[in-house]
Amino acid sequence: MALRSVSRKSLCLGLAVGQVRGLQSFSLPELPYDYGALEPVISKEIMQLHHLKHHQTYITNYNKALEQLDEALAKADSSSIVQLQSAIKFNGGGHINHSIFWKNLTPVREGGGEPPKASLGWAIDTQFGSLEVLIQRVNAEGAALQGSGWVWLALDKELKKLSIQTTANQDPLVTKGSALVPLFGIDVWEHAYYLQYKNVKADYLKNIWKVINWKYASEVYEKEIP
Amino acid sequence: MAFRPLLSRTLGLTQTLTHSHSHTLTQLRGLQTFSLPDLSYDYGALEPAISGEIMQLHHQKHHQAYITNYNKALEQLQDAVAKGDSSSVVKLQSAIKFNGGGHINHSIFWKNLTPVSEGGGEPPHGSLGWAIDTHFGSMEALVQKISAEGAALQGSGWVWLGLDKESKKLVVDTTANQDPLVTKGANLVPLLGIDVWEHAYYLQYKNVRPDYLKNIWKVINWKYASQVYEKECP
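One line per chain: the protein sequences are A and B, in this order. So the first sequence is numbered by our numbering: it starts at 1 and just counts up by one. So the second sequence is numbered by our numbering: it starts at 1 and just counts up by one.
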């Protein structure tokens with residue numbers, strides 16, 4: 001998805017080795033629902049700020065860092081190339097994670113909260129005992145997370161096993177294991193809930209299940225385990 | 001203020017009598033419990049720089065929770081040490097670091113702030129003012145550097161003005177989550193810390209952390225920072 005180069009002729013004509021021309025700019029994906037559609041679970045105000053401000057800022061800073069990377073590559077400036085990785089990881093991770101998050105949520109009338117059936121439902125029951133146990137574990141991990149981060153339901157696509165993982169800050173799930181595929185993630189940064197739930201992160205975690213899009217999680221699961 | 005010990009002497013006596021008969025392991029008896037220090041100003045006294053709502057939640061909910069969990073972890077540590085259960089002793093370090101750090105950091109933070117009517121925002125004079133000009137060029141340069149570091153911090157954490165008490169040099173540094181400044185260098189003494197966790201500003205400033213950082217200087221208690229500095233560099 002990320003980097004599409006221009007034609008080889010243009011590259012040969014002008015540019016130094018290692019340059020990334022025709023660099024794609026990332027842009028804010030649209031939500032498939034209105035900002036107020038997840039109420040009362042997640043307020044419209046939070047959804048709006050979270051999407052238009054937080055996610056947009058990650059994208060803006062990600063694009064900027066990639067542009068700076070482009071220049072650093074052109075100059076073969078390894079010091080800058082390496083220095084930029086922190087901004088790329090943080091902002092690129094923020095873009096990846098939030099893009100997944102919007103798809104992990106859906107209004108109640110669109111099936112939000114409806115438990116997974118079929119193969120994912122069966123896998124959850126087999127590996128965790130029940131959906132209730134899974135939910136309780138995800139909530140516990142999310143509540144216990146120190147600082148900012150995410151809690152994930154992950155599928156190890158090689159072992160074909162589900163697991164619950166957390167990542168710090170905007171680290172994508174793949175940083176916990178290259179075979180891990182996110183079925184869903186829950187943002188536990190304070191900006192994800194504070195305006196509505198204040199310090200009571202546990203209430204946010206308790207309520208978010210009402211709008212979790214299990215249909216999407218099942219699609220991802222069935223793609224890896226057909 | 002913060003740390004009032006329990007009746008440790010009473011506890012110590014009782015335990016000595018019991019222990020001479022049975023246990024050989026070192027026990028942490030008379031364990032002190034920590035409690036929430038009072039603010040030296042009203043919740044609304046830092047307005048409009050920091051809202052009364054934020055100050056109340058920050059103090060009574062966030063700081064209190066760190067203290068509650070810190071006390072709990074120390075109690076569990078006590079039990080684990082008593083049983084010689086090293087696995088638990090080591091596992092508890094994360095909760096102790098996080099919650100103990102939260103208690104340390106916030107206890108400092110409340111002293112770093114003061115209402116305008118009490119001198120909030122008044123630049124430091126004396127030796128700290130001179131040290132700032134020497135190390136950073138000017139107060140403005142220091143403020144700009146701290147604000148930039150605070151804005152750039154990824155995730156949750158703190159931005160500090162610290163004093164290296166060995167080299168007598170001022171430093172600007174950041175710590176992640178609730179790590180105290182000392183985790184960045186054993187000789188570092190915090191003169192001033194600014195909480196950049198989202199809970200410190202979000203209700204008022206939303207996602208615009210730079211505005212919070214711009215405004216907080218109006219209520220920074222430089223008198224306290226100077227006192228700490230002069231204690232280390234008399």
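If you are wondering where the hints come from, they were derived from the structure by calculation, not from laboratory data. Misleading hints may appear alongside valid ones.
[To be verified] Simulated coverage check for chain B against chain A, where a stretch passes if three residues somewhere in it have a Cβ under 8 Å from a Cβ of chain A: (1) 56 to 67; (2) 148 to 157; (3) 174 to 188; (4) 200 to 213.
[Stated by the list, open to error] Okay, the calculated beta carbon distance ranges per label pair: (5) A:Val108 x B:Pro210: 32 to 42 Å; (6) B:Asp85 x A:Val200: 29 to 39 Å; (7) B:Pro210 x A:Leu28: 42 to 52 Å; (8) B:Lys165 x A:Thr60: 39 to 49 Å; (9) B:Ser167 x A:Ser78: 44 to 54 Å; (10) B:Lys168 x A:Pro32: 36 to 46 Å; (11) A:Ala76 x B:Gly137: 50 to 60 Å; (12) A:Ile164 x B:Gln78: 37 to 47 Å.
[Stated by the list, open to error] With a straight-line Cα cutoff of 25 Å, these simulated DMTMM-like cross-link-like pairs (lysine to aspartate or glutamate) come out: (13) A:Lys201 x B:Asp179; (14) B:Lys206 x A:Asp171; (15) A:Lys89 x B:Glu75; (16) B:Lys97 x B:Glu75; (17) B:Lys184 x A:Asp171; (18) A:Lys198 x B:Asp179; (19) B:Lys91 x A:Asp171; (20) B:Lys206 x A:Glu30; (21) A:Lys198 x B:Glu53; (22) A:Lys44 x B:Glu75; (23) B:Lys206 x A:Glu45; (24) A:Lys161 x A:Glu141; (25) B:Lys97 x A:Glu30; (26) A:Lys44 x A:Asp125; (27) A:Lys64 x B:Asp211.
For every residue, glycine included, the Cβ atom is placed at its ideal position computed from N, Cα and C.
Against the structure, the hints come out as follows:
no., hint, result
1, 56 to 67, "holds (count 4)"
2, 148 to 157, "holds (count 4)"
3, 174 to 188, "holds (count 3)"
4, 200 to 213, "holds (count 4)"
5, A:Val108 x B:Pro210: 32 to 42 Å, "holds (37 Å)"
6, B:Asp85 x A:Val200: 29 to 39 Å, "holds (32 Å)"
7, B:Pro210 x A:Leu28: 42 to 52 Å, "violated (21 Å)"
8, B:Lys165 x A:Thr60: 39 to 49 Å, "holds (41 Å)"
9, B:Ser167 x A:Ser78: 44 to 54 Å, "violated (31 Å)"
10, B:Lys168 x A:Pro32: 36 to 46 Å, "violated (59 Å)"
11, A:Ala76 x B:Gly137: 50 to 60 Å, "violated (34 Å)"
12, A:Ile164 x B:Gln78: 37 to 47 Å, "violated (30 Å)"
13, A:Lys201 x B:Asp179, "holds (21 Å)"
14, B:Lys206 x A:Asp171, "holds (22 Å)"
15, A:Lys89 x B:Glu75, "violated (39 Å)"
16, B:Lys97 x B:Glu75, "holds (14 Å)"
17, B:Lys184 x A:Asp171, "holds (23 Å)"
18, A:Lys198 x B:Asp179, "holds (22 Å)"
19, B:Lys91 x A:Asp171, "holds (24 Å)"
20, B:Lys206 x A:Glu30, "holds (21 Å)"
21, A:Lys198 x B:Glu53, "holds (11 Å)"
22, A:Lys44 x B:Glu75, "violated (42 Å)"
23, B:Lys206 x A:Glu45, "holds (10 Å)"
24, A:Lys161 x A:Glu141, "holds (18 Å)"
25, B:Lys97 x A:Glu30, "violated (40 Å)"
26, A:Lys44 x A:Asp125, "violated (33 Å)"
27, A:Lys64 x B:Asp211, "holds (22 Å)"
Violated hints, listed in ascending order, are 7, 9, 10, 11, 12, 15, 22, 25 and 26; each of the other numbered hints is respected by the structure.
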